[in-house]
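> This is what each chain is made of:
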Amino acid sequence: MNLIKHNKVFWLLPLILLGLIAWDVMTGQVSLNWQQLLGQAPISKLQLIALHDIRIPRMLMAGLCGALFAASGTILQSVMRNPLAAPDIVGVTAGAAIMAVAALIIYPSLSTMGVAWLASFGAFLGFALTYLLARVHGHVSPTRLAITGVAIGASLLAGEHFLLLIAPNDIGPSLSFIAGTVYGVNWERVLALLPFALPLLLMTLFLGKTLDVLTLHDEVAIGIGVNVKRRRMVSLLFAVLLAGLGVAGAGILGFVGLIAPQVARLLVGAKHQVRLPIAMLVGACLVIAADTIGRSLMPPMELPAGIVTTLIGTPYFLGLLIRKTDKV
Amino acid sequence: MGRSRVFTVLLGVGIIALIASALLSIASGPINISLSQVVHLLMHRDNSTDSIIIYSSRLPRTIVAIFAGAAFAVAGCIMQAVSRNPLACPSILGINQGAALCIVVMLLLVPGITTLIFIPIAFLGGLIAAALIFLITATVGMSPLRLALAGVTVNALFHAISRALLILFPNNAQAVIFSTMGSLGGRTWTHVDMILPWIAVGLVLSVMSYRYLNLFNLGQEHAKGLGLNANRAQFVLLLLAVVLASSAVSVVGPIPFVGLIIPNAMRYVMGANHRYLVPLSIVYGALLLLLSDTLIRLFNPVVEIPVGIIVALIGGPFFVFVARTQTKGGSA
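Residue numbers (our numbering), protein chains in the order written: chain A, 3 to 330; chain B, 295 to 626.
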C-alpha cells in the first residue's frame, strides 16, 4: 500500500518540477508560449537569448540551491531529532551572511563567486561557533544546539547590521544576493557551483541509513553497534557543506531547509533513503516556484526568491509549531 | 546586606547614573555644549543657540530615550514573569517587529498619516505577534526552545513582509526607519507627547502590579490556590507589556534586547521579587538606552549610528549566554 503511494509521488513530483520549470522559463519581460517552448513555433532571437543566457541558468541555480538547502535541512532534522531544525536555525545562514558582508567591506572588488565561497566558509564558521558554544561537558544535546543557534543567529545579525552601517555604499549591489536571490545568475556561476554541488548531493543520498540510525535514541544506536558520535559529526559536516554551497549559489533561501524535508516526510514517511531524494525535489520545486512568483507579482519589480520562500515557509512553520504538541 | 538595602543602593546608583548620562546626552552631539552650561541652561532657559539646541532637540531626544528604554525593559520583565521563562522579551518574541510592521504597512497605505495613531496601530501589531506566540505555546507551555523557535519564525515572517513591501513600494523613507533596528535620531517634543501618557501610565501600573507578578514565581497552580485567576492576570499583564513595548516602538523603532538584558541582569543580582525588579528595570532600562545613544554620539557626533544596532551588539552575546544557562544540565 505504502509502496504504491511512493510510486505515485515518484512520478508525480518530477512532473510537477517539469511544469514549474516550464512556467519559470516562459515568464518574464520577454515571455514565451507553449508552442515555442515545445519547438512547434518559431522563436525570435531575443527570446532565444533570454531563454539561454538568463532564464535557464537562473532556473538551474534555483533548483540546485533548493535541493542543497533541502538536503541540509533533512540531515539536520534527523541529527537533532527535531522536526523543526533547519540551517536557518543553527547559525549556518547567519554565519554566511556576516562573512559575505565582511568580505565585501575588506575587498570591495571581490567577484560574486569569491563572495559566495567566502559566504559558505562563513556558514561553516557560524555552525562551528554554535556547536562549540552548545557543548557542555563534551556533550552537545540537540535542544541546546538549536537554542544556541537561535541566539548566535541573533548576535551575528546584529554584527551584520553594524558592518552594513560602516560599509561604503557601493557594495550594495554585490550584497543583494545575500537576501536569497537568483537574479543575475549566469552560466559561469552555475558551472562554478555544479562540480561541487552535484557530487555532494549524490553522496548525501548514501547517508540514508546513517540518518535512520541517528534518529534513534543514542542508547539504542550504540546498542546495535554504531559509533554515534562519529556518524553524527559526519552528517553534520555534510549538512553544513550543503547549506554553505546553497548560500554560495543563491544566498539565504529562508526556510527551504525546513519546509522541504517536512513535505518530503509527509509524502513518503521518515525513511531517509526515500525521504532525502524527495526532499531535494521538493526543495527544487519550491525555489523555482518562489523565483517565478517573485518575478511575476509586480513586474518589473522583483521580489528575491529568499523573501518569497520565507513568506511561504514561516506560516507553515508556525502551523507546525502550533500543531506539534508532543515534541519540542 | 538585606534585600531591601541592596535594592536601595542599586536604585540610588542607577538614578545617579541616569541623571549623569542625561546631562552627558544633552551635552554631546555635533555641537558640544559644556556640562556646566547644560546645567545652567536647564535652570535658566534663554535665547542663545545652545539653549535652542538643548530645548528643541537634545532634551526631547533624551526624554524619549529614557521612556523607551524603561518601557522595553519593563515589558521584558513582565513577559518573563508571566511566562516563567527568562528568554521572553518583546524583541525575541516578535512583538517589536509586529508593531513596527504594522506602522510600515500603514505608512505605505496612507502616506503622511498623523503620528497620533502610530501607537494604536503599533499596539495592534504587537498584539498580533503576542497572539501568535500565545497560540504556539498555549497547548504545551513554553519550553525555552519552543519560545525561541516561535520567536525566530514570527520575526522572520514580519521581517520578510516588511522587506517585500519596501521593495514593491520603494521611496518611503519614513517606513524604512521602522524596518531597521531602531534609532533615536531627530526625536522631538511631538514624539515625547506621543508616548509620555501611554508609557508613564504603563510604568506606574507595572510597579503597582508587583504582587501579581510575584505570584507567577510560584507557578500557576499555586497562584490559583491563592485565589488568583491566573489566566486573567496573565492576559492583563501581557496586554500591559504589549502596550509598553509597542508605544516605545512607535517612536524609536524596534530596538532589540533591552527587555532581555536588563530584567535578567537585575534578577541575577536581586532575585525574583518584582517589588524590586520592576523599578530597577525602569531605571536601568532607561540607563542602557540613554547611555548607548550618548556613547555613540560621543565617539562619532557626525555620522549617527542607530542606537538599535549598538544595543543589539550587546544583547546578542547576552542572548547566547542566557540560552546556554537555560539548557544546562542534560538534554532538556
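No lab work stands behind these hints, which were simulated from the structure alone.
Being a predicted model, the structure only gives us computed values, none of them experimental.
Note that the Cβ used here is the ideal one computed from N, Cα and C, for glycine as well.
One or more hints might be untrue.
Reference listing, derived: stretches of chain A covered by chain B, where coverage requires no fewer than 3 residues with Cβ under 8 Å from a Cβ of chain B [stated by the list, open to error]:
1. 12-23
2. 82-91
3. 159-165
4. 300-309
5. 318-325
Non-contacting residues of chain A with respect to chain B, defined by C-beta distances greater than 12 Å in every case (computed) [to be verified]:
6. L40
7. S46
8. I51
9. I107
10. S111
11. L131
12. V138
13. I168
14. A194
15. L196
16. P201
17. D214
18. L218
19. V265
20. L313
21. I314
> Evaluate each hint against the coordinates.
Okay, the hints, checked on the actual structure:
no. : hint    : result
1   : 12-23   : violated (count 0)
2   : 82-91   : holds (count 3)
3   : 159-165 : holds (count 5)
4   : 300-309 : holds (count 6)
5   : 318-325 : holds (count 4)
6   : L40     : holds (33 Å)
7   : S46     : holds (30 Å)
8   : I51     : holds (26 Å)
9   : I107    : holds (15 Å)
10  : S111    : holds (24 Å)
11  : L131    : violated (9 Å)
12  : V138    : violated (6 Å)
13  : I168    : violated (8 Å)
14  : A194    : holds (27 Å)
15  : L196    : holds (29 Å)
16  : P201    : holds (31 Å)
17  : D214    : holds (20 Å)
18  : L218    : holds (14 Å)
19  : V265    : holds (17 Å)
20  : L313    : violated (5 Å)
21  : I314    : violated (10 Å)
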